Amino acid sequence: GAVVSQHPSWVICKSGTSVKIECRSLDFQATTMFWYRQFPKQSLMLMATSNEGSKATYEQGVEKDKFLINHASLTLSTLTVTSAHPEDSSFYICSAIRTERSYNEQFFGPGTRLTVL
Amino acid sequence: DAKTTQPTSMDCAEGRAANLPCNHSTISGNEYVYWYRQIHSQGPQYIIHGLKNNETNEMASLIITEDRKSSTLILPHATLRDTAVYYCIVRVMGGGADGLTFGKGTHLIIQP
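One line per chain: the protein sequences are A and B, in this order. Numbering (my numbering) for the first sequence: 1 to 117. Numbering (my numbering) for the second sequence: 118 to 229.
Only chain A is shown next, with the shape it has when bound in the complex (with noise of 0.2 Å):
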């Protein structure tokens, strides 16, 4: 299956410093990428539509200012949590999108823990 891989798989930072995720897609290119949260003993939410080569599409209640994404290539999207605090403590998961047999596939990858002291 396809591979999608993190970096760094955790993090521990500072109150008020910024924090970059990457998430690459290994085996196959990837227009559209993903960006879940997902706090303790509770579901997955989506945060963002990464696409390549455009601007990110936040879902709703999602600081755009606070989550900077790129996605500079067609395997690799960045997630950048600025001037991160306590409560953006959380599990960030990305997924990445490949067109297979006419339709299209996501893929997960295996997550980054950031621990926000």
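Be a bit skeptical, because a hint or two may be false.
To be verified - Once the Cα atoms are required to be at most 30 Å apart in a straight line, the calculated DSBU-like pairs of lysine-lysine come out as:
no.: 1; chain 1: B; residue 1: LYS120; chain 2: A; residue 2: LYS41
no.: 2; chain 1: B; residue 1: LYS169; chain 2: A; residue 2: LYS64
no.: 3; chain 1: A; residue 1: LYS64; chain 2: B; residue 2: LYS186
no.: 4; chain 1: A; residue 1: LYS20; chain 2: A; residue 2: LYS41
no.: 5; chain 1: B; residue 1: LYS221; chain 2: A; residue 2: LYS41
no.: 6; chain 1: A; residue 1: LYS64; chain 2: A; residue 2: LYS20
no.: 7; chain 1: B; residue 1: LYS169; chain 2: B; residue 2: LYS120
no.: 8; chain 1: B; residue 1: LYS120; chain 2: A; residue 2: LYS64
no.: 9; chain 1: B; residue 1: LYS221; chain 2: A; residue 2: LYS20
no.: 10; chain 1: B; residue 1: LYS221; chain 2: A; residue 2: LYS66
Stated by the list, open to error - Which residues of chain A face chain B? A partial, calculated answer using Cβ under 7 Å:
no.: 11; residue: SER43
no.: 12; residue: ILE93
no.: 13; residue: GLY111
Quick caveat, the hints were computed from the structure, so don't treat them as lab data. Since we're looking at a predicted model, the values are computed, not measured. Virtual Cβ for every residue (Gly too), placed ideally from N, Cα, C.
Given chain A's structure and the hints, the job is docking chain B onto it.
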């Protein structure tokens, strides 16, 4: 996408078949039933999907009722590694470029 209803949690003995139900009474004619699972602290993993016929792959079987208002995911011989949260999602096949809407899922616990 149509809404789905799943039990919050289920237990199953190791080696037995695990049957996970999902209700999707408002499913549309062009919507498929997808199943994903999420093992603790990992990203979701695709399991199987189907439209109206029963489907089987190396991981599981999917049984969809004739009226398509409900389905059952079957793990034929559950192992401890199958302990995870299982999500039933109804969506148009491929879903275009839309993100997935995850419900609360079913926490399946495989007992030794």
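For this session: Verify the proposed pairing of LYS20 (chain A) with LYS41 (chain A), using a straight-line Cα cut of 30 Å.
Result: holds (24 Å)
Problem set entry | Hint consistency between LYS169 (chain B) and LYS120 (chain B) [alpha-carbon to alpha-carbon, up to 30 Å] | Within the cut-off at roughly 17 Å; holds.
For this session: Have a go at the GLY111 (chain A) hint: is there a Cβ in chain B nearer than 7 Å to its own Cβ?
Result: With a minimum Cβ separation of about 5 Å from chain B (threshold 7 Å), the hint on GLY111 (chain A) holds.
Exercise. Taken at face value, is the distance from the CA of LYS66 (chain A) to the CA of LYS221 (chain B) at most 30 Å?
Worked result: holds (27 Å)
Exercise. Hey, LYS221 (chain B) versus LYS41 (chain A), does the alpha-carbon distance stay inside 30 Å?
Worked result: Measuring from Cα to Cα gives roughly 9 Å; hence the hint holds.
Problem set entry | Given hint LYS186 (chain B) paired with LYS64 (chain A) - CA-CA distance at most 30 Å | violated (38 Å)
For this session: Given the hint that LYS120 (chain B) pairs with LYS64 (chain A), test it: the Cα-Cα distance must not exceed 30 Å.
Result: holds (28 Å)
Exercise. Can the hint on SER43 (chain A) be confirmed by a CB-to-CB distance to chain B that is less than 7 Å?
Worked result: Where the cut-off is 7 Å and the nearest Cβ of chain B is about 4 Å from SER43 (chain A), the hint holds.
For this session: Given the hint that LYS169 (chain B) pairs with LYS64 (chain A), test it: the Cα-Cα distance must not exceed 30 Å.
Result: Violated: LYS169 (chain B) and LYS64 (chain A) sit about 40 Å apart, past 30 Å.
Problem set entry | Minimum beta-carbon distance criterion (7 Å), ILE93 (chain A) to chain B | holds (5 Å)
Exercise. Given the proposed pairing of LYS120 (chain B) with LYS41 (chain A), does the C-alpha separation stay at or below 30 Å?
Worked result: holds (20 Å)
Exercise. Straight-line Cα separation of LYS221 (chain B) and LYS20 (chain A) no greater than 30 Å?
Worked result: holds (28 Å)
The structure is inconsistent with the numbered hints 2, 3, although it conforms to all the rest.
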